[in-house]
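Chains B and C with the ligands: place on chain A using the hints.
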Amino acid sequence: MACSITIRDVRKTYGQFVALDSVALDIAPGEFLTLLGPSGSGKTTLLMILAGFIRPEAGSITVDSDEILRKPPHLRNIGMVFQNYALFPHMSVGENVGYPLKLRKVGAAERYERAREALKLVQLDHLMDRRINQLSGGQRQRVALARAIVFEPQILLMDEPLSALDKKLREQMQIELKHLHDRLGMTTVYVTHDQREALTMSDRVAVMNHGHILQVAPPREIYERPCDRFVADFVGESNFLPVEMRGDAATFGGAPLQLAEGQSAGSGNKALLVRPEKLDILGATPAPEHNPIDGTVEELVYQGETMLIYVTLTSGETIALRRGTRQQALSEMPRVGEPIRLGLHRDDTVLIDEAAHA
Amino acid sequence: MHDMTAPQGGHALNRKELAADERREKRQILGLSLPAAAIILVLLVIPVGWLFALSFVSNGEIGLANYTRMIEYSAYLSIFSTTILISLFVTLLCIVLGYPVAYLLGQMPPRLATIGLAFVIIPFWTSILVRTYAWLVILQRQGIVNDALIGIGLIDEPLRLAHNLTGTVIGMTHVMLPFLVLPLYATVRNIDGDLMRAANNMGASPARAFRDVFLPLSMPGLIAGSLLVFILCLGFYVTPQILGGGRVIMVSMKIQQNVQTYFDWGAGSALGVVLLLIVFAIFYLVHRLAGLDRIFAR
Amino acid sequence: MSVGPLPIAPYRRLWLYGVVAGVLFFLVAPIFIVIPISFSDSEFLEFPPRGFSLRWYAAYFNDPQWMAATRVSFIAAALTVLFATPLGTAAAYAIHRAQSRWVRSLHVLMLLPQMVPLILIGIGLFYVYIQLGLVNSMLGIVLAHTLLATPFVVVTVLAGLQSFDMTQEKVARSLGASWPVAFFTVTLPQIRLSMVSGAFFAFTTSLDEVVIGLFIAGGDNTVLTRRMFLSLRDQIEPTIAAISSLLIVITLAALIAVALFARKAD
Ligand SMILES: Nc1ncnc2c1ncn2[C@@H]1O[C@H](COP(=O)(O)OP(=O)(O)O)[C@@H](O)[C@H]1O
Ligand SMILES: [Mg+2]
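Residue numbers (our numbering), protein chains in the order written: chain A, 54 to 411; chain B, 152 to 449; chain C, 306 to 571.
For reference, chain A alone in the conformation it holds in the complex (with noise of 0.2 Å):
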């Protein structure tokens, strides 16, 4: 059931506006991929381009080695799961989900056990008569989902499906949603503006910005090796702070930067990113592996679960790293205007081109 997908130069521009500009993707079979990038960056165009409501002026998405660009909608049979869930209201929730299956004319008895089968998935058979105005929110998700999979379409698409939710119910989606599609495994194109939300749920991450795709990998190296400074930008808490090269050395702080192992500096401008989570504080103890950086604490923000604590630096710039609150670690906190050295370890370290899509 699942298939590949090969995107290939796929650009659509609004009048002088380039919404999207030669983008090229492979998704494998059965891959759940995000789309990741901040509002206007392209991800709902390129969505709609896969299910076929807008029209790129030039490009090539082939499923499964088949040229889909210039099938209309109903025939890609591509599952689709819009942000605001867009129910038909004058139907009940059991006719809502057998409607793809009346459109492929499966007999009535057939249709009522599919709907159920796929409303049992995400625990609302019981729900198969009521009306969709009598729906919450979570509840109207899930009908969604479940009406885009019931036909057992190769692809499933969500656009933002969780954005409407509060916090709690989008964090237990999130979950559900993933578990589902392992059961399922039909290849899932899930478009987000929440980088926590995209590294929960991806196999794999594409980060968008201004119509281009700027990096796609796993979320652990999204997050851990970000191509540049747009996506560790984007994606978490960053420091950066400014390094200087020596031939192909990089220093900081007029010492040399240890990198981790098989890392190199390459060459022209970098930047060091650092991570909040990522930085030690050092007592007066040596630690070897670690790049050592010094400055002034100027103020502690107390946030629940972790302490925010901005740190000027010598050089002039403030960084901030986040502790733990456990009782122990709260007492050993630093005091504002304390001097205080950081350190990151060298396994930690990441240099960012500086240059790229400035």
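Think of the hints as simulated: they come from the structure by calculation, not from any bench. Remember, predicted model here, so these are calculated numbers, not experimental data. There may be inaccurate statements among the hints.
[To be verified] Not everything, but these chain B residues come out facing chain A in the computed CB check (under 10 Å): (1) Arg166; (2) Glu168; (3) Leu169; (4) Glu173; (5) Glu176; (6) Gly200; (7) Glu308; (8) Gln408.
Even for Gly, the Cβ is constructed at its ideal location relative to N, Cα and C.
Only chains B and C with the ligands this time, still in chain A's reference frame:
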């Protein structure tokens, strides 16, 4: 992944086909409007175009005679001034009578407002002829109004209320009032009551809050309604013909007379062209001053 | 957003209630004065009538000319609904969905029949119908009324479409419906109410049309309003009161039917 590969040759073909698909789909959607557009083109645009051409023909000769006559004869000028003055007056009356209705109904609970609105909608949907007839009955010499006034001893002789200007204005106002109230109500209903409360809170008297907050916010509806009433008045035929009793001649009546009594298509067409130009000029003026899109976009 | 009365003491706006009540009375009273008069037994128009009779209804129903005019009017109105509703709906859908630069012009074109003074449309059609031999023909009447009624349908259906969520149509298409199927199974059922209102507008527009009928709807195909108009211009007879009362009742019934339909559709 930076995929900066130049478009491959294979997709250049695709480009043409995709563009063709796009054009076909656009044509299909636009094509749905074709039957309606055709009816309007054939039955409205072309005939009015014909009239425009006819307006330059007088006694078998091509020229501006039909238009110069309008300027030279004071009878024509007075017909136009009568039409415009009556239209202005009726529009003003509609505003004076209609604004309080929309204002009050707009603040009532929906259920009550619906009942009030029914009083506006029922006449709106009742045939103009029926309403004009009703006013004829009410305003005639032995009609209800005269009977009542004599009954309470206010007058001895019945007043002349129908078959003259008074009757025409009353009848036209009655016909036009819903056209003002309905768009105005729609606008007023959407004004956030908290704005007035906020103004009050900041120390504005109710009258002051009305002038500074409510009135400006209700303007789009008021302009839309007044424009509609004024334009409809300019071309009004039925009510002035029946309630005016021949004493009130408006442009549309003169046009009908020219065409059906004198078979003078040129003269009738010329009047029609001028009337149409006035209507379009007003639309244009309001559009420039207030933006028709903003007024009618809802 | 909150509506509701402003913080003004009710007694301070008594005058406002008075004015509004007066205006609303002015609006409906004439209509409901006609009904009692239609039951009068006198030749003269008196109010309140002194005696009760059905003679004016009898006069109407027994007059073959009135009956013929009534028949023509209702047939024309029914045919107008049949033409104008699908035409207007299709045009509204095109305006709503098309993203072409022609859409604005198209929209203005659709509203043109409401902007051009009726008298001008009347003589224009008269002139063209003379050339085409359509004067006093049913086809001519229905075409003219369709011209007037279509904009009403366009406007109401367009309003319906604007409050309809078009992603539903998209979802239907992704689920396997070609767009005509998506339109008929998903969109149409949800804009039904505006279509019915549009049809109602079309019906009353046709039934009430006077000015154009004076030019093109005479002879064997004289419409009811033309006969009423001519009779009103010449003398005031209570037969008109009977006809008017019937028209009022029909309009009210249709209005109530649409309102009930709207409530059911909710
Ligand atoms: N119909 C349209 N006309 C003009 N610009 C559009 C249209 N649709 C989308 N855009 C523009 O294209 C860009 C990408 O939009 P979209 O794909 O919806 O972004 P995303 O889903 O990532 O927020 C946006 O800047 C948007 O303004
Ligand atoms: Mg989007």
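Verification of the supplied hints:
1. Arg166: Holds. Min distance 4 Å.
2. Glu168: At about 6 Å, which falls below the 10 Å cut-off, the nearest Cβ of chain A leaves the hint on Glu168 of chain B intact, so it holds.
3. Leu169: Holds: closest Cβ of chain A sits about 6 Å from Leu169 of chain B, inside 10 Å.
4. Glu173: Holds, because the Cβ-Cβ distance from Glu173 of chain B to chain A comes to roughly 5 Å (cut-off 10 Å).
5. Glu176: This interface hint holds because 8 Å falls under the 10 Å limit.
6. Gly200: violated, 35 Å
7. Glu308: Check failed: Cβ of Glu308 of chain B comes no nearer than 65 Å to chain A, outside 10 Å.
8. Gln408: Gln408 of chain B check fails; min Cβ-Cβ to chain A is 54 Å, beyond 10 Å.
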